[in-house]
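Asker: Whenever a hint applies, use it, and build me the whole structure from the sequences.
There are 2 protein chains.
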Amino acid sequence: MKLLEDYILEKGTVLEGDVLKVDAFLNHQIDPKLMREIGGEFAEHFKGLGITKIVTIESSGIAPAVFAGLYLDVPVIFARKKKSVTLKDHLYTAEVYSYTKKETSSISISESFLTSEDKLLIIDDFLANGQAALGLIEIAKSAKATVSGIGIVIEKSFQKGRQLLDETGIQVVSLARIASLENQRIHFLDEEGHHVK
Amino acid sequence: MKLLEDYILEKGTVLEGDVLKVDAFLNHQIDPKLMREIGGEFAEHFKGLGITKIVTIESSGIAPAVFAGLYLDVPVIFARKKKSVTLKDHLYTAEVYSYTKKETSSISISESFLTSEDKLLIIDDFLANGQAALGLIEIAKSAKATVSGIGIVIEKSFQKGRQLLDETGIQVVSLARIASLENQRIHFLDEEGHHVK
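Chains A and B, in that order, give the protein sequences.
According to our numbering, the stretch in the first sequence is residues 564 to 760, in order.
According to our numbering, the stretch in the second sequence is residues 564 to 760, in order.
Any given hint could turn out to be false.
Since the list gives no way to pick one copy over another, a pair counts as held whenever it fits inside one copy or between any two copies.
[To be verified] Derived lysine-lysine pairs resembling DSS-like cross-links, with alpha carbons at most 27 Å apart:
1) 707 - 651
2) 565 - 645
3) 645 - 584
4) 707 - 584
5) 565 - 664
6) 664 - 596
7) 584 - 651
8) 651 - 665
9) 610 - 584
10) 565 - 704
11) 651 - 574
12) 707 - 664
13) 574 - 707
14) 644 - 584
15) 610 - 645
16) 682 - 651
17) 723 - 596
18) 723 - 665
19) 664 - 645
20) 610 - 596
21) 707 - 644
22) 644 - 682
23) 645 - 574
24) 664 - 682
25) 664 - 651
26) 665 - 565
Simulated from the structure, these hints should not be mistaken for laboratory data.
Answerer: See below:
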């Protein structure tokens, strides 16, 4: 998605350890118009699949997921990383390991909102090692729901997440695919996975 | 806001300890069309004030804030409850006490995204004791930014938050004002603070 790649090049910064910082429009400050375009792009990709609900993880997945939900006319559920006062029982839970933070946390969705009839679209802001998306797939399995698609805003294609998700057979769409962040420079792959000059 | 009150009556449930559970459309599952309407309503109320940025707190404030940001054509910043890999230095931070959880947590916004020129609109999902909004006001003060308005989705008017915010002199708009949750029944106030039969 050209617009998103332009944002990444203009406003993103590369930190040590292959960390791409996009706090200026996605992970801390949010650009609402960009989110609307991203949501529309996801809706366009997944509109034929009979999606009944979108699932994401708090917090940075919420904005793109809500616009995709608006366009697909389905509810959005965000998995919670922490149990809350109103959300502590009757939960589907999965353990998610973060390679960046080097810690395992659990994510939860209330049993009330997922059924075996559901066709889910998973949306997340980043795909690196794939653990968050795999956690959501595990939750979907617990609910006997179908995962019909996975939409990622920014994929770090040089890490193993994309391959792990492709191996599930679920359709994956990443709106920006990053080939490399070496030497603090951002190189993209195109949608088919070819290097972009 | 009639539509929101209808959602609360139809899909909300009252738990012990005056907790209103609206996990079906705001705090866990999100209704994107309702969020769009809520964002539009906030934009309508605050459009004349020259708002430059919206600030909210992760996670449930994000969806209504992003639509308000879309309509007001300004960026949205969500304060983080936890420091992240890309957000740990150069932060404005405030301590927020939660009466529900009986714990103090800190919320942070990067110094990069707030300036003394900013006119901020604070948006949050709930107003009860006002500690979250007061924390955001404190962060705004640290940045020497002006808080021009506060938009709340659901206000529990029988708790002290509304009064504390009114005492700051900042304009507060709550889209649903709850007079009482006694005996598991939801009673609303109208916008002027009168009881609704």
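Asker: It remains to establish, for every hint, whether it holds in the given structure.
Answerer: Hints and how they fare:
{"no.": "1", "hint": "707 - 651", "in the structure": "within (21 Å within a copy, 39 Å between copies)"}
{"no.": "2", "hint": "565 - 645", "in the structure": "neither (35 Å within a copy, 32 Å between copies)"}
{"no.": "3", "hint": "645 - 584", "in the structure": "both (24 Å within a copy, 16 Å between copies)"}
{"no.": "4", "hint": "707 - 584", "in the structure": "between (36 Å within a copy, 26 Å between copies)"}
{"no.": "5", "hint": "565 - 664", "in the structure": "neither (30 Å within a copy, 44 Å between copies)"}
{"no.": "6", "hint": "664 - 596", "in the structure": "neither (30 Å within a copy, 35 Å between copies)"}
{"no.": "7", "hint": "584 - 651", "in the structure": "between (32 Å within a copy, 12 Å between copies)"}
{"no.": "8", "hint": "651 - 665", "in the structure": "both (25 Å within a copy, 16 Å between copies)"}
{"no.": "9", "hint": "610 - 584", "in the structure": "neither (30 Å within a copy, 31 Å between copies)"}
{"no.": "10", "hint": "565 - 704", "in the structure": "neither (34 Å within a copy, 38 Å between copies)"}
{"no.": "11", "hint": "651 - 574", "in the structure": "between (38 Å within a copy, 18 Å between copies)"}
{"no.": "12", "hint": "707 - 664", "in the structure": "neither (30 Å within a copy, 33 Å between copies)"}
{"no.": "13", "hint": "574 - 707", "in the structure": "between (40 Å within a copy, 24 Å between copies)"}
{"no.": "14", "hint": "644 - 584", "in the structure": "both (21 Å within a copy, 18 Å between copies)"}
{"no.": "15", "hint": "610 - 645", "in the structure": "neither (31 Å within a copy, 35 Å between copies)"}
{"no.": "16", "hint": "682 - 651", "in the structure": "within (25 Å within a copy, 38 Å between copies)"}
{"no.": "17", "hint": "723 - 596", "in the structure": "neither (30 Å within a copy, 36 Å between copies)"}
{"no.": "18", "hint": "723 - 665", "in the structure": "within (16 Å within a copy, 41 Å between copies)"}
{"no.": "19", "hint": "664 - 645", "in the structure": "both (16 Å within a copy, 12 Å between copies)"}
{"no.": "20", "hint": "610 - 596", "in the structure": "both (21 Å within a copy, 17 Å between copies)"}
{"no.": "21", "hint": "707 - 644", "in the structure": "within (21 Å within a copy, 33 Å between copies)"}
{"no.": "22", "hint": "644 - 682", "in the structure": "within (23 Å within a copy, 32 Å between copies)"}
{"no.": "23", "hint": "645 - 574", "in the structure": "between (30 Å within a copy, 23 Å between copies)"}
{"no.": "24", "hint": "664 - 682", "in the structure": "neither (31 Å within a copy, 34 Å between copies)"}
{"no.": "25", "hint": "664 - 651", "in the structure": "both (24 Å within a copy, 13 Å between copies)"}
{"no.": "26", "hint": "665 - 565", "in the structure": "neither (33 Å within a copy, 46 Å between copies)"}
Taken one by one, the earlier hints fail for this structure at numbers 2, 5, 6, 9, 10, 12, 15, 17, 24, 26, listed in ascending order.
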